[in-house]
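Novice: The primary structure of each chain is shown beneath.
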Amino acid sequence: MKKLFIRYRFFLITLLMLVVLALVNTGLALKSFSITAYSLREVLLVIPPIFVLLGLLDIWVPRHTMVRFMGHGSGVKGVLLAVLIGSAAAGPLYGAFPVAAVFLKRGASFRNVFIFIGAWSTTEIPMLLFEYEALGPRFALTRLLVDIPGIIVISWLLGLSLNDSDRLDIVRKVEKLTK
Amino acid sequence: MTIILYTATVILLAVSLYKDKQKTVKAIKKAWKAFENIMPQFLGVLVLTGIVLSIMNAETISRILGVESGWLGTIGAAVVGSVTLIPGFVAFPTASILLQNGAGYMQIAAFVSTLMMVGVITFPVEIEYFGVKTAVIRNLLAFLFSFLVAVIIGWVHTV
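Taken in order, these protein sequences are the chains called F and W.
Heads up: the first sequence at position 71 corresponds to 71 in this note's numbering, and the numbers run straight through without jumps.
With the second sequence counted from 1, adding 179 to any position gets you this note's numbering.
Only chain F is shown next, with the shape it has when bound in the complex:
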């Protein structure tokens, strides 16, 4: 019971915030609730197949294959793959983390995993089409051209900022979450 409480404490805090909001402004709270319900529906629609794909990836892709394509020393090939897989994805940023975790667990390098997260967050191809339509080619293409090198630089800096114990810590977290 206590364990369950600790696991759900963040969720409980947000519920408490909702209750407080309801006392202050009922209209806003109702609106929050309906937006939450709507996004929950979205999540329940998109997330299950992502996790099933992850399970399959975890079981079927041999470690050495992942290391060869996206691990240390995979060089330009690894970077390109990370950008491409990330860009092909469609979904909110939080969907990228579980995928990144399995990549990392299976032997992808930290840098390539960060590149993947970056690409997922900003250069998603389906979203790019929306952007192109709404904000014009100049806006969308400039952003794409600036973002790709930007993601690679950010991932490189992020990799540099982590020491061995940070890396070990992340690997442990990821192992625990994808047991």
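Hints were generated in silico from the structure; no laboratory data involved.
The beta carbon of each residue, even a glycine, is placed where N, CA and C say it ideally should be.
It is possible that some hints are incorrect.
[What the hints assert, rightly or not] Straight-line C-alpha distance at most 25 Å; calculated DSS-like pairs for lysine-lysine: (1) W:Lys205 <-> F:Lys31; (2) F:Lys176 <-> W:Lys312; (3) W:Lys208 <-> F:Lys3; (4) W:Lys205 <-> F:Lys173; (5) W:Lys208 <-> F:Lys173; (6) W:Lys202 <-> F:Lys31; (7) W:Lys200 <-> W:Lys212; (8) F:Lys179 <-> W:Lys202; (9) F:Lys31 <-> F:Lys173; (10) F:Lys173 <-> W:Lys200; (11) F:Lys77 <-> W:Lys202; (12) F:Lys2 <-> W:Lys202; (13) W:Lys200 <-> F:Lys2; (14) W:Lys198 <-> W:Lys208; (15) F:Lys77 <-> W:Lys208; (16) W:Lys200 <-> F:Lys105; (17) W:Lys212 <-> F:Lys105; (18) F:Lys2 <-> F:Lys179; (19) W:Lys212 <-> F:Lys179; (20) W:Lys312 <-> F:Lys105; (21) W:Lys312 <-> F:Lys77; (22) F:Lys179 <-> W:Lys208; (23) F:Lys105 <-> W:Lys198; (24) W:Lys312 <-> F:Lys31; (25) F:Lys105 <-> F:Lys179; (26) F:Lys3 <-> F:Lys173; (27) W:Lys198 <-> F:Lys173; (28) W:Lys200 <-> F:Lys77; (29) F:Lys179 <-> F:Lys3; (30) F:Lys179 <-> W:Lys198; (31) F:Lys105 <-> W:Lys208; (32) F:Lys3 <-> W:Lys202; (33) F:Lys2 <-> F:Lys173; (34) F:Lys2 <-> W:Lys198; (35) W:Lys198 <-> W:Lys212; (36) W:Lys205 <-> F:Lys105; (37) F:Lys173 <-> F:Lys105.
[What the hints assert, rightly or not] Pairwise CB distance ranges, derived in the manner of DEER restraints: (38) F:Tyr8 <-> W:Pro272: 31 to 41 Å; (39) F:Tyr38 <-> W:Val311: 42 to 52 Å; (40) F:Leu160 <-> W:Val189: 38 to 48 Å.
With chain F held as given, fit chain W onto it using these hints.
Specialist: What follows is chain W alone, placed relative to chain F:
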């Protein structure tokens, strides 16, 4: 998009099942476990999204982005983008309307870039996988980078 995702999943699942039933069962068990592990954080993020979006609606966002131009406006836009979580198909048309109503390209670019790269609301999910340090540095770098994106996009729209 969802249809493609489901089709791909079903096909791969079928292939997996055909090749090795036991491994497939194991994969599904893993999928469920991974989902269950992160569920509490997901639920919290969803409620938080609801609260933030009910307060930060289109009018509020346009007020912040429309009132101040220049650097102050750009910083404001970057902050708003960081704390909101709006799907792209809603965000881009909104940004387009804001542009038509006089918001600058630099501000809109800062908003769009942080909206996609910086996740304050999704932070609880991110630290669950990557720890506090990595998540803070990643979000901070992405936040700063968004200003570069904003300046360049602002610049290409003036030439």
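Novice: Hints first: check each against the structure and report whether it holds.
Specialist: A quick look at each hint next to the structure:
{"no.": "1", "hint": "W:Lys205 <-> F:Lys31", "in the structure": "violated, 41 Å"}
{"no.": "2", "hint": "F:Lys176 <-> W:Lys312", "in the structure": "holds, 18 Å"}
{"no.": "3", "hint": "W:Lys208 <-> F:Lys3", "in the structure": "holds, 22 Å"}
{"no.": "4", "hint": "W:Lys205 <-> F:Lys173", "in the structure": "holds, 21 Å"}
{"no.": "5", "hint": "W:Lys208 <-> F:Lys173", "in the structure": "holds, 19 Å"}
{"no.": "6", "hint": "W:Lys202 <-> F:Lys31", "in the structure": "violated, 44 Å"}
{"no.": "7", "hint": "W:Lys200 <-> W:Lys212", "in the structure": "holds, 18 Å"}
{"no.": "8", "hint": "F:Lys179 <-> W:Lys202", "in the structure": "holds, 15 Å"}
{"no.": "9", "hint": "F:Lys31 <-> F:Lys173", "in the structure": "violated, 35 Å"}
{"no.": "10", "hint": "F:Lys173 <-> W:Lys200", "in the structure": "violated, 29 Å"}
{"no.": "11", "hint": "F:Lys77 <-> W:Lys202", "in the structure": "violated, 29 Å"}
{"no.": "12", "hint": "F:Lys2 <-> W:Lys202", "in the structure": "violated, 34 Å"}
{"no.": "13", "hint": "W:Lys200 <-> F:Lys2", "in the structure": "violated, 37 Å"}
{"no.": "14", "hint": "W:Lys198 <-> W:Lys208", "in the structure": "holds, 17 Å"}
{"no.": "15", "hint": "F:Lys77 <-> W:Lys208", "in the structure": "violated, 32 Å"}
{"no.": "16", "hint": "W:Lys200 <-> F:Lys105", "in the structure": "holds, 23 Å"}
{"no.": "17", "hint": "W:Lys212 <-> F:Lys105", "in the structure": "holds, 15 Å"}
{"no.": "18", "hint": "F:Lys2 <-> F:Lys179", "in the structure": "holds, 22 Å"}
{"no.": "19", "hint": "W:Lys212 <-> F:Lys179", "in the structure": "holds, 7 Å"}
{"no.": "20", "hint": "W:Lys312 <-> F:Lys105", "in the structure": "holds, 19 Å"}
{"no.": "21", "hint": "W:Lys312 <-> F:Lys77", "in the structure": "violated, 28 Å"}
{"no.": "22", "hint": "F:Lys179 <-> W:Lys208", "in the structure": "holds, 10 Å"}
{"no.": "23", "hint": "F:Lys105 <-> W:Lys198", "in the structure": "holds, 24 Å"}
{"no.": "24", "hint": "W:Lys312 <-> F:Lys31", "in the structure": "violated, 34 Å"}
{"no.": "25", "hint": "F:Lys105 <-> F:Lys179", "in the structure": "holds, 10 Å"}
{"no.": "26", "hint": "F:Lys3 <-> F:Lys173", "in the structure": "holds, 17 Å"}
{"no.": "27", "hint": "W:Lys198 <-> F:Lys173", "in the structure": "violated, 31 Å"}
{"no.": "28", "hint": "W:Lys200 <-> F:Lys77", "in the structure": "violated, 33 Å"}
{"no.": "29", "hint": "F:Lys179 <-> F:Lys3", "in the structure": "holds, 19 Å"}
{"no.": "30", "hint": "F:Lys179 <-> W:Lys198", "in the structure": "holds, 23 Å"}
{"no.": "31", "hint": "F:Lys105 <-> W:Lys208", "in the structure": "holds, 17 Å"}
{"no.": "32", "hint": "F:Lys3 <-> W:Lys202", "in the structure": "violated, 31 Å"}
{"no.": "33", "hint": "F:Lys2 <-> F:Lys173", "in the structure": "holds, 21 Å"}
{"no.": "34", "hint": "F:Lys2 <-> W:Lys198", "in the structure": "violated, 42 Å"}
{"no.": "35", "hint": "W:Lys198 <-> W:Lys212", "in the structure": "holds, 23 Å"}
{"no.": "36", "hint": "W:Lys205 <-> F:Lys105", "in the structure": "holds, 17 Å"}
{"no.": "37", "hint": "F:Lys173 <-> F:Lys105", "in the structure": "holds, 10 Å"}
{"no.": "38", "hint": "F:Tyr8 <-> W:Pro272: 31 to 41 Å", "in the structure": "holds, 36 Å"}
{"no.": "39", "hint": "F:Tyr38 <-> W:Val311: 42 to 52 Å", "in the structure": "violated, 30 Å"}
{"no.": "40", "hint": "F:Leu160 <-> W:Val189: 38 to 48 Å", "in the structure": "holds, 41 Å"}
Hints 1, 6, 9, 10, 11, 12, 13, 15, 21, 24, 27, 28, 32, 34 and 39 from the list above are not met by this structure, while the remaining hints are.
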